[in-house]
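Participant: Sequence:
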Amino acid sequence: MAAEDLFAAPGVPSGTYDASSIEVLEGLEPVRRRPGMYIGGTDERALHHLAAEILDNAMDEAVAGHANRIEVTLEAGNRITIVDNGRGMPIDPHPKFPDKSALEVILSMLHSGGKFSGKAYATSGGLHGVGISVVNALSIDTTVEVARDKQLYRQRFSQGKTLGPLEHVGGTPNRRGTSVSFVPDTEIFGEMLFKPGRLYKLVRSKAYLFAGVEIRWKCDAELISDGDREGGLPTEAVFQFPGGLADHLKEQLGARECATADFFAGRQDFPGENNGRVEWAVAWPLWSDGSYSWYCNTIPTPDGGTHEAGLRAALTKGIRAFGELIGNKKAKDITADDVMTGSELMLSVFIRDPQFQSQTKDRLTSPEAAGLVEKAVRDHFDHFLADNMDRGKALLGYVIERMDDRLRRKQEREVKRKTATSARKLRLPGKLTDCSADDPAGTELFIVEGDSAGGSAKQARDRKTQAILPIRGKILNVASATSAKILANQEIADLILAMGCGTRKDCDPSNLRYERIIIMTDADVDGAHIATLLMTFFFQEMPDLVRQGHLYLAQPPLYRLTVGSKSLYARDDAHRLEIETTAFKGKKVEVSRFKGLGEMNPNQLKETTMDPATRGLLRITLPQEYEERAGVKDLVDRLMGNNPAHRFAFIQENAARLDEEVIDA
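Each residue of the sequence shown is one higher than the one before, starting from 32 at the first, in my numbering.
Derived from the structure by calculation, the hints contain no laboratory data.
It is possible that part of the hints are untrue.
Stated by the list, open to error - DMTMM-like, lysine to aspartate or glutamate: derived pairs with alpha carbons at most 25 Å apart:
| hint | residue 1 | residue 2 |
| --- | --- | --- |
| 1 | Lys-348 | Asp-364 |
| 2 | Lys-424 | Asp-435 |
| 3 | Lys-363 | Asp-436 |
| 4 | Lys-406 | Asp-293 |
| 5 | Lys-181 | Asp-216 |
| 6 | Lys-516 | Asp-575 |
| 7 | Lys-637 | Asp-293 |
| 8 | Lys-489 | Glu-630 |
| 9 | Lys-281 | Asp-300 |
| 10 | Lys-361 | Asp-410 |
All figures in this text were calculated on a predicted structure; none of them were measured in a lab.
Build the full structure now, drawing on both the sequences and the hints.
Facilitator: Below you can see the structure in the form of structure tokens.
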């Protein structure tokens, strides 16, 4: 066979990949082609994120002191309208695009807005100038009305395209501000509808976050389900909470008994002009699993971040210092989890130029937020504890009880682990570089691809909590192998011994020697194949580990992007594009591609992939509907089993869906 034939795909003519194959997406077309990059997907959460983007813009006007009233209306036809009485979007011609109004530029161009320099907004939720333009791109009908200088203007859009010029509607002497009305595009979201209950909670939470705003809620009565109606969801409501988060926490606690009669709440401006502020409310119910709510510039950050770290430090250091003050020697062993687990906690910060982990802003990463929050909250917490010694002692006693429970559970696990480890000590695989901790809590086993990557990982690891097990290439595909062949495979035998919890019917997750099992392979096709084989192994041989959330995928970078002395890392091509068009926009970027984990030096591997403070992990779990494993087992058998026809059929059935992002590449 000729050498060139080895790589030819059947039925595909050669020489068809030329300049005409390269697409250049203009305007808002990138958003419609890849909505997941901008709103995290096309599911229900992403749909409601559209409403949140527009509401956040209105809240930014209120926080900046230019608006005090916002109206949110949900109408038939899946239309939502959000109105504020702020300054109104600029409608004069844009200096760079004199044939377009500033309003049209904002709605129809990515990375356009008034929040880059900080001149129009001291603190804001919007950062990249993509929010309202993304909503416009993903809507079939968008209408924007602006009332400025007692005159009303209107412009309409569809799927990101302008339907006509900016209209001067006429005079409006008693109105000012911006109205945005839109209907999500069914080509993107299908027949999915806004949920009144979800929008109502979103609107209500925004009113708590800024005491100076009144938010009015309206919903077409026909859209409210019987269940929502029985739950008390109104068709109209007005929200204004002078007490802010303290009002919210008081309502959330209801009649529940807490460790202290008064909860810890307050607000504090950060030092310096226009540096923002922090507001918090914390209570310790006696019988509760607790809940956390984190916000930055009124944006929910469900994964917490640096502002959370600042609060954790303030509460932990404060309660330890109080224990030392009253001579309680046990207080020095208190951890942040002892203080926060079971608490009802709300934290809201307003800072300039916040940094988030992604466009959906799930996690705050601004490093200065931790110090600002810790210092501001710590002073107030010290006063909260010391001004009323009985209250302080009551809270300290509650926290120490939790600490004692934690230490007792840890001791029980250590006894079990030491017993199990002693029994198997001589049977641990020779390639395993184990961690030194006896307690499995907090420990991690990294399964890495090859000895080269294993060497870097050993140097990058935390020796106390992180163990390394190198494997050689692609392990056996257990979905298509006999039991005898599986047991005879050395790589699989090493995995089973390192885990220490048995397989199949003998699998007992309580004997697992590590809290987390992390698959760490190269960020390329071969690495993905190895990761797939390992996931298949765990699903078939140790399903309870997957079900209980012990299995993770590391997220090593594929690229290093450098401008001057600043380097950022990209997971894939899409992430690289995002960084080049945001953080490094307009700059000459030096791009380095990692050929594998073994090519990264230990410091890079630690920073990007192994350090819990800076890495990202994907937890591998079974969907709730597949709790009995039947659906997943069928899919694994089709894709990983002996019959290649099943794989070919799956590819034929799903290939066309890639462009629609039903399958998230």
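Participant: Next, verify each hint and record whether it holds.
Facilitator: Quick rundown of the hints versus the structure:
Straight-line distance between C-alpha atoms of Lys-348 and Asp-364 comes to about 11 Å, which keeps the hinted pair within the 25 Å bound. Distance restraint check for Lys-424 and Asp-435: the Cα-Cα separation of roughly 16 Å lies within the 25 Å cut-off, and the hinted pair is therefore satisfied. Proximity of Lys-363 to Asp-436 is assessed by CA-CA distance (about 16 Å); at most 25 Å being required, the pair is judged to hold. Proximity of Lys-406 to Asp-293 is assessed by CA-CA distance (about 22 Å); at most 25 Å being required, the pair is judged to hold.
With a C-alpha separation of about 33 Å, the suggested pairing of Lys-181 with Asp-216 is violated against the 25 Å cut-off. For the given pair, Lys-516 sits about 22 Å from Asp-575 by alpha-carbon distance, which is consistent with the 25 Å threshold. For a cut-off of 25 Å, the pair hint linking Lys-637 to Asp-293 is broken: about 44 Å separates their Cα positions. Simply put, Lys-489 and Glu-630 have alpha-carbon atoms about 14 Å apart, close enough for the 25 Å limit, and the pair holds.
Between Lys-281 and Asp-300, the direct Cα distance comes to roughly 23 Å. Compliance with the 25 Å bound is thereby established for this hinted pair. Restraint check for Lys-361 and Asp-410: the C-alpha separation of about 22 Å stays at or below 25 Å, so the hint holds.
Hint compliance for this structure: hints 5, 7 are broken, all remaining hints hold.
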